[in-house]
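So the sequence lines, in the order shown, correspond to chains P, X and D. Note that the numbering used here has the first sequence beginning at 1, numbered continuously upward. Note that the numbering used here has the second sequence beginning at 1, numbered continuously upward. Note that the numbering used here has the third sequence beginning at 1, numbered continuously upward.
Note that these hints are calculated values from the structure, not bench results. The C-beta atom is built at its ideal place from N, Cα and C for all residues, glycine as well. Among the hints, erroneous ones may be present.
Said to hold, decoys possible - Taking lysine to aspartate or glutamate pairs in the EDC-like style, the calculated list, with each CA pair at most 20 angstroms apart, reads:
#1 P:184 / D:224
#2 D:123 / D:204
#3 D:18 / P:541
#4 P:412 / D:61
#5 P:8 / P:541
#6 P:184 / P:198
#7 D:220 / P:518
#8 D:196 / P:188
#9 P:181 / D:204
#10 X:15 / D:61
#11 D:90 / P:198
#12 D:215 / P:39
#13 P:276 / P:510
Said to hold, decoys possible - Here chain D is said to cover these stretches of chain P; the calculated rule only asks that three of the stretch's residues, wherever they fall, bring their Cβ under 8 angstroms from a Cβ of chain D:
#14 120-132
#15 305-314
#16 527-538
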Amino acid sequence: MAYPEYMKESIELVHKTRAKRLEIDKIGIQNVLTPLTEEGRKKVLSENHPDYTPDARKQIRIGPNKGEWLTTKVVEILESHSRLPTTFRLDKPDYETDVLVIGGGGAGCQAAIWARLHDAKVIISTKLRMGDANSMMSQGGMQAAVNPNDSPLIHYLDAMGGGHFDNKPALLKILTQEAPKAVKHLEDLGVIWDRIADGNLQTKTGGGTSRRRMLSSRDYTGAEIMRVLRDEVRNHPEDITVLEYFPAIELIKDQEGKIAGAILFHMETGEYAVVKAKTVIITTGGFGRLHIKDFPTTNHYGATMDGLVMAYRAGAKLLHMDSVQFHPTGAVYPPQILGFLITEKIRGFGGQPVNKFGELFVFPLEPRDVEASDYIQECRAGKGIPTPDGHIGIWLDSPIIDLIHGPGTIEKNFPAMVRQYKRFDIDIRKEPMLVYPTLHYQNGGIEINEDTSTSIPGLYAAGECSGGVHGRNRLMGNSVLDYNVFGRIAGISAAKKAKETIIAGNLTIDHIGKYEEELLSARIITPLKTPVLLPEYRNLDLVSRHLDEFDPFLPAGL
Amino acid sequence: MKRIPYYPGCSLQTKAKHFETTAMAVAEALDYEMITLPRWNCCGAVHSLTSDDLMHHIAPVTTLLRSKEFSEANQLDDSRLVVLCAMCLNVLKRTNKRVIELIDDRTKMNDFLYLESSKYDGSTQVIHFLELLKEIGWDVLSRKVTHPLSNLSVSPYYGCLLLRPKEVGIDDPEAPVIQENLLHSLQAKVVENPLKNRCCGSYHTLADKQVVVDLSYDILTNAQKAGAEIITTSCPLCAFNLDQRQEDIIKKYSGFKKIPVVYFTELMMIAFGLPLKNAGLDQHYVDPRPLFIEKEMYHEE
Amino acid sequence: MRNELEVKLIPIYILSRKHLVPEGSTIITAMEYAGFKLKKGIGCREGFCGACASLYRLETDFKLHGGLGCQTVVQPNMQIVQIPYTPSPKAIYDLETINPEEEVFTATYPELYRCLSCNTCAKICPQEILVMDYVQAGIKGDLALMADLSFDCIMCGLCAARCPAEITQFNAALLARRLFGKYVNKKGRFLEDRIKQIQDGKFEEGYRELMNLPKEAITKRYFDRELNFKIT
Chain P
1 MAYPEYMKES IELVHKTRAK RLEIDKIGIQ NVLTPLTEEG RKKVLSENHP
51 DYTPDARKQI RIGPNKGEWL TTKVVEILES HSRLPTTFRL DKPDYETDVL
101 VIGGGGAGCQ AAIWARLHDA KVIISTKLRM GDANSMMSQG GMQAAVNPND
151 SPLIHYLDAM GGGHFDNKPA LLKILTQEAP KAVKHLEDLG VIWDRIADGN
201 LQTKTGGGTS RRRMLSSRDY TGAEIMRVLR DEVRNHPEDI TVLEYFPAIE
251 LIKDQEGKIA GAILFHMETG EYAVVKAKTV IITTGGFGRL HIKDFPTTNH
301 YGATMDGLVM AYRAGAKLLH MDSVQFHPTG AVYPPQILGF LITEKIRGFG
351 GQPVNKFGEL FVFPLEPRDV EASDYIQECR AGKGIPTPDG HIGIWLDSPI
401 IDLIHGPGTI EKNFPAMVRQ YKRFDIDIRK EPMLVYPTLH YQNGGIEINE
451 DTSTSIPGLY AAGECSGGVH GRNRLMGNSV LDYNVFGRIA GISAAKKAKE
501 TIIAGNLTID HIGKYEEELL SARIITPLKT PVLLPEYRNL DLVSRHLDEF
551 DPFLPAGL
Chain X
1 MKRIPYYPGC SLQTKAKHFE TTAMAVAEAL DYEMITLPRW NCCGAVHSLT
51 SDDLMHHIAP VTTLLRSKEF SEANQLDDSR LVVLCAMCLN VLKRTNKRVI
101 ELIDDRTKMN DFLYLESSKY DGSTQVIHFL ELLKEIGWDV LSRKVTHPLS
151 NLSVSPYYGC LLLRPKEVGI DDPEAPVIQE NLLHSLQAKV VENPLKNRCC
201 GSYHTLADKQ VVVDLSYDIL TNAQKAGAEI ITTSCPLCAF NLDQRQEDII
251 KKYSGFKKIP VVYFTELMMI AFGLPLKNAG LDQHYVDPRP LFIEKEMYHE
301 E
Chain D
1 MRNELEVKLI PIYILSRKHL VPEGSTIITA MEYAGFKLKK GIGCREGFCG
51 ACASLYRLET DFKLHGGLGC QTVVQPNMQI VQIPYTPSPK AIYDLETINP
101 EEEVFTATYP ELYRCLSCNT CAKICPQEIL VMDYVQAGIK GDLALMADLS
151 FDCIMCGLCA ARCPAEITQF NAALLARRLF GKYVNKKGRF LEDRIKQIQD
201 GKFEEGYREL MNLPKEAITK RYFDRELNFK IT
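Let the sequences and hints guide you as you build the complete structure.
And the structure:
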């Protein structure tokens, strides 16, 4: 692919200005291009961030958060019907267990590992394979205040400010104080952290951090952790059953209103299964594949907010679902990798965002929402570079990293990125990358308490699907930390609760019927059935001639 | 310092590490630097000797090819490949011979190795460390001797793979003399053991160690009868069978008296007066150090 | 300068049936364009999870190629199939009690020693990993080298699918990496020291203060905070 001819002129300017920008790095960028003040942040966000456009939010008309203004797409998905046929009857359970974990990513595996250590039998239900999750894809790092010149308190302050001061203080305290212990747990499980010469953990900066505390495993941080967690789950087949390609589509309750399991749907065989469980943990991750505001996304194929749909229908309260995180640096060229994550760690190592004239136009490490808004603003001002397929972006100057830290730095620390671009004939050691904000993270979610319990007894949530930890904007490295810290807490809490839980009476899905009634009363007419499960990417012309009306994946309305 | 490529094989970097360190130290004293091949792979041992399956020859051929490329890329003084392990020597030499003689097989293998940077043309010559020593010259060796082994009675042991089959052996299979000549240059008293080229039992040591127990018993007692105080060997597997298995020999043959078994390179270290700290003298089941101390040969430094 | 994107269609063969798909599609997007709803053999779509391992042939040569479905761009008359799963033995072990000596593979993945050094695994690896070299490192007991060489492995399974010696390389490598991370990797003091401080309650007071600050006060403290990127 390589870069088209017309971009070459701009790329030349990037090369030309590099020496001068290297000088700025040596002085310290924060001394030349200061981070924005509170007012500065508010201005650039309100003028540019997709969350602030008039149509960004909509009032939800039903459910526990009725009346609140949530992200439009989220509301559309929540105001929908169940996938269960009205004739569905709950009869004898197909599986029984102590703890049901819905979602097989990082949070789910941590929960399963720790629930088992507290004597629970566990079932993990996952839509694709265990490990096919956003957790596998995160690249740059995990925050933990391990250096002497840092402290969990500063970590708390950084995250609180980044989150617009909306984070629940008790949750943030746990996140930041448990971080070093989480690092140790992972180390004990065999995760290979990057280290410096004396054996201490390598730490870098990230967006919105005032100290160096980004730990990493090259640019495979998420994959390294996920591989290890998944392997550890597989070391205990007698206690942890993994059901792949078998997502949950509705929660089940007992006669006391406690959550008592879920209904699973097998995507290959089309069968349903009833899982009876004393406690349920939702770890279904994010919502990138809903393509909010038609943005491309960094998320994996199954990130369709399933957990929130089920929990909401069962009556769980959501928090901060009016806030969407766009990662400032998603790839925009070549088209095959549109939306892919370019890790913030590139900027942590000195990579610089540069406009079409080669100018460094913003402090590179603002919190993500501010940084993304800055890039959008720059492109709106005509200083971006258009792509042949109608997108636009700014340059992320990566070659400067080898000048700052020495030749070979990029290859050593970003093997995944080097390879990704090499597949398309671009050498990021010599050429910059073209980037633009991409849909990345669900800042809010199912509201949780300190033990990850939700507003419904028996239901727990952890990881990206939960809300309250990050406020309205998550900092880099805090999500990987989130699922390790709170995944573990969820496993322990659910296991302990399961010991004292007795499922009361018959299982019921009455809450689904009640939700249907709410839809009717609010006069909401929609063909949509949720959870979405998988986004629709088929060529719609071909699909419209589809004959099988029972295909659960046929897009609504066809 | 003449540089020559060296192929370790799996045992030499693990269980028989001291064979490698002592050989390298001795080579250095003789002005040779043995450079370990980067990216070497297991030779495949007995599996690579199957004659009906070309796939199994790929491992040794890859090694031979890598050696050729390494020598050329680094312009080494000596482009031959030196080996310490008798099994690896045997495998590499036999495969090499096959690949040189059977051109069809060589072509097929080269086609299969198409992603390697060059083809193998049979030009790598494989030699054993003992052959290199012989080439350097026994007189050169004897000039290096600072601590003659004159009051030590040594019985050299060969085993099978250094000598057989004749086409790849390094000496006469019936009456080999290369270790004897080496020991003479160190001024040791050489003792003749008629079973010096009898098989030690090889891999039977894993599945049926009594086979090894009986064979080793014969080899060792015959050496002792001839007056040997110590045995030298040149193969990690023989070393294991003759040394470690004495623990089992004693259980079966109660009258058996233990006798130390060492690599010939360890005796060379002593004779050359080289520091014995890393000679691995403590890595043996039958500790040779009491014997060395008794003979006033053991110097710590 | 914005061109109208001309959608040029090229023929490919999916499960031996001919389809016309846009030039520049990847195997995954080509299959979706052709009407396949992918429910397996697909994951992150970004080259990290290894779910979309695929085998294909090109009309330009006789070879059997392997690659990731989400990263491989289709070419005219390419024949493709997905390999969503390669059955692979996984040893069960307790990392706390396992012995990280060189014999660790004899107990867990003894097939490793069957390696023929044919390099078929490295030739098919979509991550360009020197698979044979790390298997050989495992045979030699060099955990550090095995961990380093296999680091970028996304466990797609293509190496195991093609290996004539029927080794499951990627599972052995995972064990090597875990052992390296836990037992071999050099560790410094900072982490332990910080954990001890936390256990001793050093930060409790500080947290209490921060958590009770009114919004204006904490906002001010946040924007006034020093950016200091030194380690000590």
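Tested hints:
no., hint, in the structure
1, P:184 / D:224, "32 angstroms, violated"
2, D:123 / D:204, "55 angstroms, violated"
3, D:18 / P:541, "17 angstroms, holds"
4, P:412 / D:61, "34 angstroms, violated"
5, P:8 / P:541, "37 angstroms, violated"
6, P:184 / P:198, "17 angstroms, holds"
7, D:220 / P:518, "44 angstroms, violated"
8, D:196 / P:188, "17 angstroms, holds"
9, P:181 / D:204, "16 angstroms, holds"
10, X:15 / D:61, "46 angstroms, violated"
11, D:90 / P:198, "35 angstroms, violated"
12, D:215 / P:39, "16 angstroms, holds"
13, P:276 / P:510, "16 angstroms, holds"
14, 120-132, "holds (count 4)"
15, 305-314, "violated (count 0)"
16, 527-538, "holds (count 3)"
Hint compliance for this structure: hints 1, 2, 4, 5, 7, 10, 11 and 15 are not met, and every other hint is.
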